[in-house]
Amino acid sequence: MKNSLREKIVGNLQGFLVPLVVLAVWQWLSSHAIVNPQILPTPTAVLAKWWEYLMPMEAYDPAKSGYLAWIFSGELIRDAYSSLYRVVVGFLVGAALALPLGLMMGANDRIYKLFNPLIQVLRPIPPIAFIPLSILWFGLGNPPAIFLIVIGAFFPILMNTIAGVRHVDGIYIRAARSLGANQATMFLRVILPAATPYILTGARIGVGTAFIVVIVAEMIAVNNGLGYRILEAREFFWSDKIIAGMFSIGLLGLAIDTGMNRLNNYLLKWHRGIESK
Amino acid sequence: MTMQPHIQISNVSKVFSSGDREVVALDDINLSIAAGEFICLLGPSGCGKSTLLNAVAGFSLPTTGEVLVDGNPVQQPGPDRGMVFQEYALFPWMTVEKNIAFGLEIQKQSKAQIKEKVGALLKMLNLQDFRDRYPKDLSGGMRQRVAIARVLALDSPIMLMDEPFGALDSLTRRNLQDELLRIWMEFKKTIIFVTHSIEESIYLADRIVVMTYRPGKIKKNVSVAMPHPRDPSSAEFNDLKKELSLLVMEEQSRHRQEESKATTAD
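Those protein sequences? They're chains A and B, same order as listed. With this note's numbering applied, the first sequence corresponds to residues 1 to 277, in that order. With this note's numbering applied, the second sequence corresponds to residues 278 to 543, in that order.
Excised from the complex, chain A in its bound form:
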């Protein structure tokens, strides 16, 4: 027990080694003005800026708002919330469109042949190439940003759902038929769960794409969110805030991916290769 605890601590310390060295070199480079601190501020300056960005801008005033509302009134929290909101709404709309279409295309050859040519033409267009059109169609604000995220999430989920349904092992279909399953039962209780590993892979790629797209969309179509904030910081030459914003984007992305991973493990606890704990 003692040994394994020690191994664990040593293991965790090892994980910090490389980042610490990088930080130290960075600190040394910018504090000795080898690199202009205007271009590359010191890590401590970035951290200070990040803290300032995170914390509320005004002093706490019980007359104006509750303590919780105040704590979450910092600029970073509001930006992260705006970005996350767009990702979630866009992703959910994209998934809600892609999932039924993918299930139908995977299960029915005629529907597949009907839709596949259009999808093959649209799919290679990067979502970012839709920016001009989305602004023409939806103006500025949330709608064009969400539209872009929908497109970013739609195709990975669609393609993986189609593949998932097509790869359902025929033996499950045969077993379910011999047990008397009708079409609806076959779809909901056999094909859909059998295709979940693929669908979840698609969802994970879709969220990743949505997160890339939201940052770009915010740089162009809206005036809040993490993507907007780092572009705004550039206008003022606040390189410390740019890096603090990038760091925040990274943290949010990591949180989303961890969440998706948890969901994946929960939904696939029956799957080989995932240990149930």
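FYI, nobody ran anything at the bench for these hints, they're computed from the structure. Quick reminder that beta carbons are idealized off the backbone N, C-alpha and C, glycines included. Be aware that a few hints might be false.
[What the hints assert, rightly or not] Calculated pairs, DSBU-like style, for lysine-lysine (alpha carbon to alpha carbon, straight line, at most 35 Å): (1) B/LYS494 - B/LYS519; (2) B/LYS388 - A/LYS269; (3) A/LYS269 - B/LYS392; (4) B/LYS465 - B/LYS413; (5) A/LYS269 - B/LYS375.
[Claimed, not checked] Across the chosen pairs, the derived CB separations fall in these ranges: (6) B/VAL300 - A/PHE187: 27 to 35 Å; (7) A/ASN116 - B/GLY296: 20 to 28 Å; (8) A/ARG110 - B/ASP516: 58 to 66 Å; (9) B/GLN353 - A/GLY139: 54 to 62 Å; (10) B/GLN352 - A/PHE187: 18 to 26 Å; (11) B/GLU463 - A/LEU97: 50 to 58 Å.
[Stated by the list, open to error] Per the computed footprint, the stretches of chain A lying under chain B, defined by three or more beta-carbons under 8 Å from a beta-carbon of chain B, are: (12) 121-133; (13) 192-203.
Could you slot chain B onto chain A? The hints should help.
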């Protein structure tokens, strides 16, 4: 009581065509099976025994001829003919309990009824401790027990088994064979059991139907009169084994010759 056989296979032929080549898998099969009979279809691989089973199951209908069950032609698979596959075919996303309950849920039986039936089956097949496990956590023998329970839950009079114990080690295999015999006697099922193991067929069957290699025909019907439990070391058992071995080996060597012919032709 009518004298109509339970399962009547009449003039069944099955031709598979791939490209311009045609393979006659079954050629004019006629077989009558009485209610409660335990039939083994025996033959080397490629003799069409699984094809015949699939025709009775309704997965793949015969090219000509028909299969009648209680006088009705088989058109599609159904819960009156429970199927046990060699690959178990359990739904990996369902627990053991859910797998067994699936057929009953399809029939919209009440929750209490399902719970009672599933509970009894779990007990009968010694699966109580595994009810909340997923198939991935079970051994091959356990999985096949669940698959048998899933079919028994349906109360179907007919059980179709496609080399169900082929992937199991010999001890587990003997174990499951004994359990199957117990179930067969208790529930008076009609069983069609596909195997390429001569010993397995003698251990289990009332009647062994030996099939020929392509085109699949019935080579011989062999009744086994020995009482259960049968002793594989007895003289009677071994005499029959010798007789069947000769029949099967003839077909196996034809299989080999055709294969080598095919490779030299290529």
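Enumerate the violated hints, using their earlier numbering and listing them in ascending order. 12
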